[in-house]
Structure formats: C-alpha cells, structure tokens
Amino acid sequence: MSLIDLKGILTPMTALKQIGKQPHTINFPDEQKDISPRYRGFHYNDLEQCIGCANCATICMNEAIDMVALADIEGQPGDSGLRPQIDYGRCCYCALCVDVCPSGSLNMTQDFIKVSPDPFDFLMVPGKDNPEGKEKLSFTAGLDTSLNVFDRVPMRELDPEERIKSFAEVFLGYNEEEARIEASRCISCGLCTENCPVHMHIPEYINAIAKGDDEAAIKIIYDNNDLPEMCGKVCTRRCEDVCALQVRGEAIAIRWLKRYATERAENADMIAEIVNPEIREPNQYKVGIIGAGPGGLTAAYYLALRGYNVTVYEASSEPGGMIMYGIPKYRLPYESVQKQVDYMKKVGVKILFNTRVGKDISFDEIYNNNDAIFMAIGLQDAWSLGIEGEEADGVWSAIDFLRKVNSGEKVDIGKRVVVVGGGDVSIDCSRVSRRLGAEVYQSYRRRIQDMPADLEEIEGAEAEGVHIMLQTIPTRVIKDENGKVKGLEYVKAEMISEGGGRPRPKPIEGSETIIECDAVIAAIGQKADYSLLPEHILAKLEMQKNKIVVDDNRQTSIPKLFAGGDAVVIGRNDAISAIADGYMATKAIDAMLMGERVKS
Amino acid sequence: MQENILNQLNKVFKIKGQVKSPLRIKVVADKDIVSSILLYLKAQMGFIHLNHISCVDWIEDNKFELVYIVWHPEQKQTVLVHTFIDRENPVMENIDTIWDQANTYEREMREMFGIEFPGLVGDREFILEDWQEMPPMRRDFDTKRYAQETYETRPGRENARNVRLEIMKRSGEELPDFAKKYSRD
Numbered sequence: 000m001s002l003i004d005l006k007g008i009l010t011p012m013t014a015l016k017q018i019g020k021q022p023h024t025i026n027f028p029d030e031q032k033d034i035s036p037r038y039r040g041f042h043y044n045d046l047e048q049c050i051g052c053a054n055c056a057t058i059c060m061n062e063a064i065d066m067v068a069l070a071d072i073e074g075q076p077g078d079s080g081l082r083p084q085i086d087y088g089r090c091c092y093c094a095l096c097v098d099v100c101p102s103g104s105l106n107m108t109q110d111f112i113k114v115s116p117d118p119f120d121f122l123m124v125p126g127k128d129n130p131e132g133k134e135k136l137s138f139t140a141g142l143d144t145s146l147n148v149f150d151r152v153p154m155r156e157l158d159p160e161e162r163i164k165s166f167a168e169v170f171l172g173y174n175e176e177e178a179r180i181e182a183s184r185c186i187s188c189g190l191c192t193e194n195c196p197v198h199m200h201i202p203e204y205i206n207a208i209a210k211g212d213d214e215a216a217i218k219i220i221y222d223n224n225d226l227p228e229m230c231g232k233v234c235t236r237r238c239e240d241v242c243a244l245q246v247r248g249e250a251i252a253i254r255w256l257k258r259y260a261t262e263r264a265e266n267a268d269m270i271a272e273i274v275n276p277e278i279r280e281p282n283q284y285k286v287g288i289i290g291a292g293p294g295g296l297t298a299a300y301y302l303a304l305r306g307y308n309v310t311v312y313e314a315s316s317e318p319g320g321m322i323m324y325g326i327p328k329y330r331l332p333y334e335s336v337q338k339q340v341d342y343m344k345k346v347g348v349k350i351l352f353n354t355r356v357g358k359d360i361s362f363d364e365i366y367n368n369n370d371a372i373f374m375a376i377g378l379q380d381a382w383s384l385g386i387e388g389e390e391a392d393g394v395w396s397a398i399d400f401l402r403k404v405n406s407g408e409k410v411d412i413g414k415r416v417v418v419v420g421g422g423d424v425s426i427d428c429s430r431v432s433r434r435l436g437a438e439v440y441q442s443y444r445r446r447i448q449d450m451p452a453d454l455e456e457i458e459g460a461e462a463e464g465v466h467i468m469l470q471t472i473p474t475r476v477i478k479d480e481n482g483k484v485k486g487l488e489y490v491k492a493e494m495i496s497e498g499g500g501r502p503r504p505k506p507i508e509g510s511e512t513i514i515e516c517d518a519v520i521a522a523i524g525q526k527a528d529y530s531l532l533p534e535h536i537l538a539k540l541e542m543q544k545n546k547i548v549v550d551d552n553r554q555t556s557i558p559k560l561f562a563g564g565d566a567v568v569i570g571r572n573d574a575i576s577a578i579a580d581g582y583m584a585t586k587a588i589d590a591m592l593m594g595e596r597v598k599s
Numbered sequence: 000m001q002e003n004i005l006n007q008l009n010k011v012f013k014i015k016g017q018v019k020s021p022l023r024i025k026v027v028a029d030k031d032i033v034s035s036i037l038l039y040l041k042a043q044m045g046f047i048h049l050n051h052i053s054c055v056d057w058i059e060d061n062k063f064e065l066v067y068i069v070w071h072p073e074q075k076q077t078v079l080v081h082t083f084i085d086r087e088n089p090v091m092e093n094i095d096t097i098w099d100q101a102n103t104y105e106r107e108m109r110e111m112f113g114i115e116f117p118g119l120v121g122d123r124e125f126i127l128e129d130w131q132e133m134p135p136m137r138r139d140f141d142t143k144r145y146a147q148e149t150y151e152t153r154p155g156r157e158n159a160r161n162v163r164l165e166i167m168k169r170s171g172e173e174l175p176d177f178a179k180k181y182s183r184d
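Chains as they are written, first to last, in numbering that gives the first Met the number 0: chain A, 0 to 599; chain P, 0 to 184.
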C-alpha cells in the first residue's frame, strides 16, 4: 500500500471530461412539451360551416356519433339543421369522420384532457361544448387528404365547330363506367331532395346506379317524375346547388346521372316493362287537363295511375308544350320527348291534339263534364321590347322564333342577328341562330354574373362564337325603306347600386351605338294568355301580377280548378317546377275526390 | 447505390426490384424465399434494422400481402420486401430469429389477421381480451355490427335523428318501399 492514494485523487478528475457538454438535466420550472401538430384529441366542429349531412355519423364504425337538433340552428336548403354529437365513451379517435367531412367543418384538436365525475360530460357536441377548440386545431382534412372525391367525371361534348353545323345533341351522356364512378362519389345524405321542387328520391337512385342496378334506378326515378329523361338533359338542377360536395368541390352530376339511367330504357316498351307501375282500378271520376306541357302531362300520368279517367286538351299537334317547342333540339331531341309521352299513353293517358280550348272546345264544356280540372297553360305571349320600330319586319319574339325552328319551318334571319335578353331562352335563341348560320350578338343589360341563364349554357354559347354584349340597352330598331330591320341602336349602361338588391343598369348618355343586323330576337320573358277562360271564371279566379294564385295543393280560388306550370304564382318558371305542380295537384285532386277534405 | 442493391438482389435471388424513390426500393418475392432475402439483407448488405412488418387484406384476390420494411442506417436506404400469402390458410415463416422485435409484429398479425407463424413463442392473447370473433382487422369483420352487439347505448343519446328522414319530413317527400333498400344506413 502506497503512502498516497493516487487513484483516490485522480479518479474524481475524470468528471472533468464532461466540461463543455450539454447537461442532462431538465429546466425548472418544468416546461410543457409541445403536443404533436397532428395529435388527435377531442373534435371541434364549425357549427356555421357544418351542413348536417351525417357523413361522420355514417362512417363511424363505433356508432359514437349522433345527429341532434340544436336550439339555435335552423334547417334550410342545403343544411339539415342537425349537428353531430359524439359519445367519447365510444370514440376511438380514428378521425375517419374528419376524413369524410365534405364541408371540412369537422376537425380534431390538441385537447385530450378532460376530467369530470359526471359521465354525461363525455357526451359532447363539438363546437358547442368546446368553443375554445377552434384555436387548437390539429388533425384537419384538407382537399388533398379528404377521402371525398371532389372532382366530377367530366361530360363529353361535341366540339364547338362541329356543334354549329347541325342540331345534333351537344352533350354526349355518360357511359356505364363514367356513370358508376360519378355515382360512387355520392354520400347519400339527401340534402338535395329538399331543393328539388318535386323531391325526387335522389340518393336512392344514385345509389342504385352506383351498385349497378340501373333498372331499380329507373323505377325510383319514375316514382315522382314522369319526364325524367327531359330533366336529365335540360333540368335547371337546383339539387346540385345544395349538394354536400359542392361546398368544397364539384357537386355530384345528378342531372347527368338521371340522364344516364333513363336513357338505358331505350323505348316506351322498355320503360313500361321496367317501371311496371301499379295502376289502380278505374274509378268513376273524370279529370280534364288543359295543356300537354310538363305540368299537364305529369298530372295526367299520375292521375291515370290512380285510376282516373284523364283527358288532356292540347292546342298544338305535338305533346310537351314548351319542352317540345321552346327547348332547342340540340339540348332535347324530339325522339326523347316522344318516347316518354308514348310511355304515358301506354298507361292510359288520353291526349287530344289540335284542340284549342276556347276555340275547338269551350272551357265550360270541360268544366262541367269533369270532376276536377288541372290547368297548365304556360306563358304563351312574349313581352315586347317597348322601343321604337319594333314592329319592323325581322323583329322576332323568342317564343315564335323557337317554335318555328322546332316545328321544322324555314326561318330566315339573315346574316347577322341581335338577341336581346340574358335568360336561358335568350341563350337558346343565340345558339339556334348560330346553327342557322348567322353571326350572333347578344345584348344584355347587366353583367355576366347577373345573367339568369345557366353558366354551362353561357359558356357553350361563347364557345360557339356568340358575342355577348354586356351592359347594353336597346333603344331603337332601325328600318330600311321596306320596313325591314337594318340595325339596332343601343346605349351602354353602368351599374348603380342603390341600397339593397342587385345593382341596376343606368344608361350612359351619349353612348348610343348602332349595330347593323338583319334580325332582332327579343327574349325578355313571356306572359300568360287567359283568353280561353270565360268571363264568369275569370271573375272568380284570384290573380296576382297576371299569374293565377294557388295554394300548396295547386288549388285555385275555384275549388274544382287546379293550376300549375309557369302561369301560377308559386315555383320558378322551369320544367321541374311544372312537374312538381302536376304531381302535387294529383295528390290533392285524389284526396279531394276520394273524400278527404283538403281545405279546412 | 440503389442500382448496386438491385443488382445484388437480382444476382443472388433472381428477383427484380424497382426503385420507388431515391431512398426506397421495392421488391416482390415468393413467400418461401422472404426469410432468406431478409437474412441476406441484414447479414451481407448492412440493412440491420427492421422498421416494421405490415399486412394488407386483399379480400377480392383472396390474399394477404405482407410488407417487411428494413433499413440501412449508413446509406439511409429502405427496402420493402412484399410477399403474398393465401388468405384461406395464412401461414408465414417466423423471422424473430433474425430480428427479435419481429416477434411483436408477428404476434399482432396473428391476433389481428389470423396469420399463423409456426414456432412463434408468446401468448396467443396479445392486445385483445377474450376475443371470440374472427380476427378484427380482416376486412370481412363487421365492426359496426360488433359495436352494436357488444356495447350498450348510454343514456342521453335518445334524441338522435336520421338526417334523411328529417329532410323527408320537412319537404313532404314520400319514399316508396322499393326505394328504401338503396337509402343510406
């Protein structure tokens, strides 16, 4: 043993090698570590953004999510008014509900600590019970990570150069594969059905298409729409405006899917075989229907199915009303309407063509011989432009123009045409004029975003070479010495916002311009012609702004008389609203005649 | 470097791999040679770390796909070895003799997918307790039905509403019986 314990002195010095290294200690006071940015804690739901589609509740395999009504949230079109409530005893924080939320309102937060002796505290309505969660969002579903498919299967269409050569159909329709893919995007929430005037069973038939059962889809479609192929081609499709996927992406192509399904039934016999509707025993009641447009045909079809003796009186030689004479053939071919009407005839609808009420048969005769009357006469008279020189040769009303073209008559509009208006009818006139070989200018008073016409149609018209002149107001039609149209004078307008409402066009003084043209087509709206009604009926019939007042049952102030279509105060002026009128009137007439009191 | 790895694997095992990204190589191999490939990767090529073993249920093809993910710490390369086994009689060679931690993954797959690994040591019950049903990660396992049958509904959930019915009530839509089977559950 040595005198000095060398080891005892040197060993502690080895600690010196730690000099300059990071200490393995923790800070005091203790620092909270950051929670992982994508940590899945309690949910947070933006109650304003949520549309109550229940896709979260449907995907949840633990059935942890319920849809409940909250006191301060009202349902409205495109919003069921219900909101998710989550049972955290069942939730496993898998976040599939976030992945499938179409509106992106449902997210997860970094909050995961909650202590409560009351088990009911763990039944939470995200967003209502944890408003502070908004600041701590963690797991969110962006457009790139969402499990929803936001892009619609594109519709194939003819090339614009090819289109203007003929009246061939522009849109080519989905094939089977495209339809199945598009239908599979649907989340089947059913929000769309509320916005459809006739409340078609949209999620059900789309689901049937997705599952490959086209026949079931056709049967479901015909349950409350007797002209679905027409709707499949030209419907104003308000359903797509409230589609859950439209919030962050493209709405399901509901219209094209309906077209796909109904086109699978190639002729009237096939429709009859597939739909195979239940037809009730004939009863003793007779119903007269005035006008074979979509409203009249719908009432006729569904009343015939309910066993009524139905006769339709139609002034023209073809069925369909405006869908036959008003819609150009490149949107809705003749055969398509004919096929659907042939099917209706099969189930017992009788149509008397070339029978103008008030001329070939009196209204009183129909009124007295039937137990109920449904009148859907539409808007047959055009509003005039109300400007100087509009009596000139070569000034057309849209409705006369389209009727002549659709009837196959020869129409001479010259080389250059000005169409006045901004609705769907005006676009139809422009695109028809292009197909007749004219150079087309379209004059509209307001801006393009104010145009009531379908955006798809406006784009189609522009692709076909229609020149749209925005913010122009026609002031005078210029005639040559023979009284023929030579040109149209218009002024430019500026948009003035006054209080609420959409901005109003105000003419700019001194901006008069003359455009040379051979024809002017005025497409600025139509009004009804009531000359078929006798005095004593007109005296009793309640009217408002030249339209017939009806209640929700489409019953007028004369109990036996029901009305629908464009000439009534409710609904929009489109085919699906007319179909809804016919369908609702059917139910009311059935209830009235079968002894139930409809009006209290 | 990735070329070298692919060439070497091709030379020894006659398999063609593909480069998925600058740091990732995928090879698909027959199940009988998977353990040899893994051992070779570990012992000869420096892929000393087993990241994970994952399983995919391809119910339509009646197959399970197993993916062995191994890593080379110096080259920062990942190799994914894919193999397919029969779904009706799922048996796969045990590789916990190559990597100890494979034991955990294999026990999990045995419980969750019902794949047998002959010679695997460890309790059959791994995460689930008293499990009587089919392995729950198989795609034909109906989770919703299981949740309905197993768990009671707590009080306070009676006010749940069905969105489709709510909208039908509001709009007055009448859904015919033949359409109901196409409604959402």
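None of these hints come from the bench; they were simulated from the model. Only a predicted model underlies this, so the values are computations on that prediction, with no experimental measurement involved. Treat the hints with care, since some could be wrong.
Claimed, not checked - With a straight-line Cα cutoff of 25 Å, these simulated DMTMM-like cross-link-like pairs (lysine to aspartate or glutamate) come out:
(1) P:143 x A:134
(2) A:414 x A:456
(3) A:586 x P:165
(4) P:180 x A:272
(5) A:113 x P:64
(6) A:546 x A:370
(7) A:210 x P:172
(8) P:168 x A:272
(9) P:41 x P:64
(10) P:179 x A:212
(11) A:586 x P:172
(12) A:586 x P:176
(13) P:168 x A:370
(14) A:345 x A:268
25 Å limit on alpha-carbon distance, applied to hinted pair residue 586 (chain A) and residue 172 (chain P): holds (12 Å)
Hinted pair residue 414 (chain A) and residue 456 (chain A), Cα distance within 25 Å: Measuring from Cα to Cα gives roughly 23 Å; hence the hint holds.
Hint consistency between residue 345 (chain A) and residue 268 (chain A) [alpha-carbon to alpha-carbon, up to 25 Å]: Status holds; Cα separation ~9 Å.
Given pair status - residue 64 (chain P), residue 41 (chain P), alpha carbons within 25 Å: Given that 25 Å is the threshold and the Cα spacing comes to 22 Å, the pair holds.
Given pair status - residue 272 (chain A), residue 168 (chain P), alpha carbons within 25 Å: violated (31 Å)
Pair hint outcome, residue 179 (chain P) versus residue 212 (chain A) [Cα-Cα no greater than 25 Å]: Holds: residue 179 (chain P) and residue 212 (chain A) sit about 14 Å apart, inside 25 Å.
Pairwise hint evaluation, residue 370 (chain A) against residue 546 (chain A), where the allowed Cα distance is 25 Å at most: holds (24 Å)
Distance restraint between residue 180 (chain P) and residue 272 (chain A), which requires alpha-carbon spacing of 25 Å or less: This hinted pair holds, its Cα atoms lying about 21 Å apart.
Proposed proximity, residue 172 (chain P) with residue 210 (chain A) (alpha carbon, max 25 Å): Answer holds: residue 210 (chain A) to residue 172 (chain P) is near 23 Å, not above 25 Å.
Given hint residue 165 (chain P) paired with residue 586 (chain A) - CA-CA distance at most 25 Å: Holds, at about 21 Å.
25 Å limit on alpha-carbon distance, applied to hinted pair residue 168 (chain P) and residue 370 (chain A): violated (31 Å)
Pair hint residue 586 (chain A) and residue 176 (chain P), alpha-carbon separation not exceeding 25 Å: holds (18 Å)
Figure legend: structure checked against the earlier numbered hints; hints not met, in rising order: 1, 5, 8 and 13.
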